[in-house]
Amino acid sequence: MGELEAEKHVQYILSVEKRKDDFESLLMEHLRINGAYWGLTTLDLLRKIEAVDSDEVVSWVMSCQDQDCGGFGGNVGHDAHLHYTLSAVQILLLFDRLDILDIDKVSDYVAGLQNEDGSFSGDIWGEVDTRFSYCAICCLSLLHRLDKINAEKAVDYIVSCKNLDGGFGSIPGGESHSGQIFCCVGALAITGSLHHVDRDLLGWWLCERQCKDGGLNGRPEKLADVCYSWWVLSSLTMIDRVHWIDREKLAAFILNCQDRENGGISDRPDNAVDVFHTYFGVAGLSLLEYPGLKPIDPAYALPVDVVNRIFFGK
Amino acid sequence: MGDEYLLRQFERILEHDDLLDELGFIHPSQFASLNEGLDATAFEISNRTPSDFDALNYDETAFWTKDHKLAISTEILTQLSKAARRAYFDVRSGYKDSISVNMNANRSDSVTSRGSSIELLENNLLMHSKAILILSCDFLSAWNSRKQVLQRKCNLSLFMDELQLLTLILSYSPKSECAWSHRRWVIKRIAEKCQDLQEIIDEESDLARNIVEKSKMNYRAWNHRVWLTNYMTRKQVLTHIQILDELDKSRKWSELHIADSCSFHYRGRLLLRLLENSYRRQEEEASSSFMSNIPFLWEEEIKWNKFLIKRFMDRQSLWVYRRFLIQCWIKLFRDDCLHARQLHKDHQNGSLELHTDHQNSCVLLDLFWAKELEFLCECLNTPVDEFEDYHIQAQLAASYMLWITKQFPFLANSKHQERISELGDLKAILIKTCPDKTLLWRSLSD
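Each protein sequence line maps, in turn, to chains H and A.
The first sequence maps to residues 1 to 314 in the UniProt record's numbering.
The second sequence maps to residues 1 to 446 in the UniProt record's numbering.
Hints listed in this document are in silico derivations from the structure and should not be mistaken for laboratory results.
For clarity, every value in this text was computed on a predicted model and none was experimentally measured.
We put the beta carbon where it would ideally sit given N, CA and C, even for glycine.
Some hints here could point you the wrong way.
To be verified - With the C-beta cut set under 7 Å, the calculated list includes, among others, these residues of chain A facing chain H:
| # | residue |
| --- | --- |
| 1 | L77 |
| 2 | S136 |
| 3 | V226 |
| 4 | L275 |
| 5 | Q316 |
| 6 | A370 |
| 7 | L440 |
Build the full structure now, drawing on both the sequences and the hints.
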């Protein structure tokens, strides 16, 4: 199994950041701001965020903001969306640079996407999903502006997406999925509404996601994938059931998905690495208290010291 | 060759053949083999004469097209994508400016000429965004530009064309988040304009079926079906009979794709829909009778699930579905049974008799439990040490039963108590058959 190749992962992330011209990076172009959040958070967890020029990153992030609506796009000149807006806010917080942001403008954009039934649309075009509820609630909480929405209705909507198996789907009646569960449990944790979760029932469902190889899957009958090391594990942490799974086997699975030569982590052993799975692998290891890594907050998906700075002024 | 030139060729091909139904990105060395494969059969299904294609000139090392199939060389993808992005962003900014000028303009301006230039910009925007999206289907802004144009034009046939483009893109990118979301947007717009949605329902059902056939356990595709059921019921388009029909059609599919947990979830949704509809009808008609064909359907589903469990010994998907079915079933009958007991108590001294339907519910529930426990005994008492299937089956059955007793603690104190204890120490069985999850079994409170 071996150790975490921390230094190689740092090099890998820095190299992705610079690559802009091949087809693969063109395919990622529209969500570059999510990629930046994954990469930079990983660097911070690895205690290497100073390897990037923060002024350069911050000014690029700000150039992704849509000046009319206040939301952020996935790249310069792209349309605004809640998902990109959350990433932008998280990146600014990593560098402690919220001062550069017109907080009310951004939070008005986010709050404006709440619907009558408490749900959130991802953007002005009206697609509804519990992931967008998470993006909105997490973002507003980080900006200290939760009072701009009807939090009670937002919680009611999330609860309406709860299934009999204890999990959550993207819409009422949607199948339980570990990614959606993270979003719903995260949003409930942030709003202090975890009493809506049946911890034993959901904990059991989440534990059943651990496969024979030690990795976690997203739904019954699926293969394990490193990204669920974050989604399942953070959910288990929030409902205080993380001791129900075999943590050592999970850590071994993640470490096995490393590219030991060139850095980066893949979805499964021997597959091609990407920055998305590198983040989820490192974040998962951080929740497993892997030595040398900064601890990460399971609800806000930011290093704990960053979250403490936001809510307790350090 | 210039990037713009390639883009023009690409867009001309797309324009020329608006019935494209298959698209792929391949190395140009494979183009020759495509010709061989098509010769015999494909021409028969083509509606076009070969001369239609003769009019179209393109670089044959970059593209290959025939019979509504298009292959794009992997060698030119980067070039083509860059050119498409440039063209798209150029026309988008021009369009945005024109729209805002148009909105602020006063009537004395030459509205007609501005109108025609907006029309031209809109057509270009549709053309370039299509080129981008075929190459990169999650390019959100390009989908949004299309929404903007389609919304302004608000033309039913354009919305229908849009569904066709989406079908093409989803055929090779079945998990594209943005494409599914755009599809829902288009359907909502069509529903606003058109009363008869039956065609849409059928088409969506066919599309989703085709996609999940090739792309197993596709969460987005199945979610789309759930969304459609919710949406159409709200619009009061989906009737009782149509849901029954959908249940019927999906049954065969599920039997052939036993590990696809999504398909069982979908069936569960349809059953719950029927139940909700029947409750609503009950309220509307102020009928006191609970009985309709729903309990019968539910019972049939449980029997079918048992049949599958016996046939496919090691499938988690089937047991997960059983949890759902049984949980709903018990809730349904227990509530009815409790209600009956309450009624009975209230009327003991009066002249009213206990409703026979309610009495039946109590008897049925007991009967049901007796059968369920017998079935579990069977699964647990198979020779665990012989084959792996049996081993997994015992583990799945034990975990299922433990789960049920946690959900319905009243069972432990019922008349089935003795039978339950005959099953053995479930936790011990689980620790033996599934030691991987020992931490979970040990942690579950007694």
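Numbers of the earlier hints that this structure fails to satisfy, in rising order
4, 6
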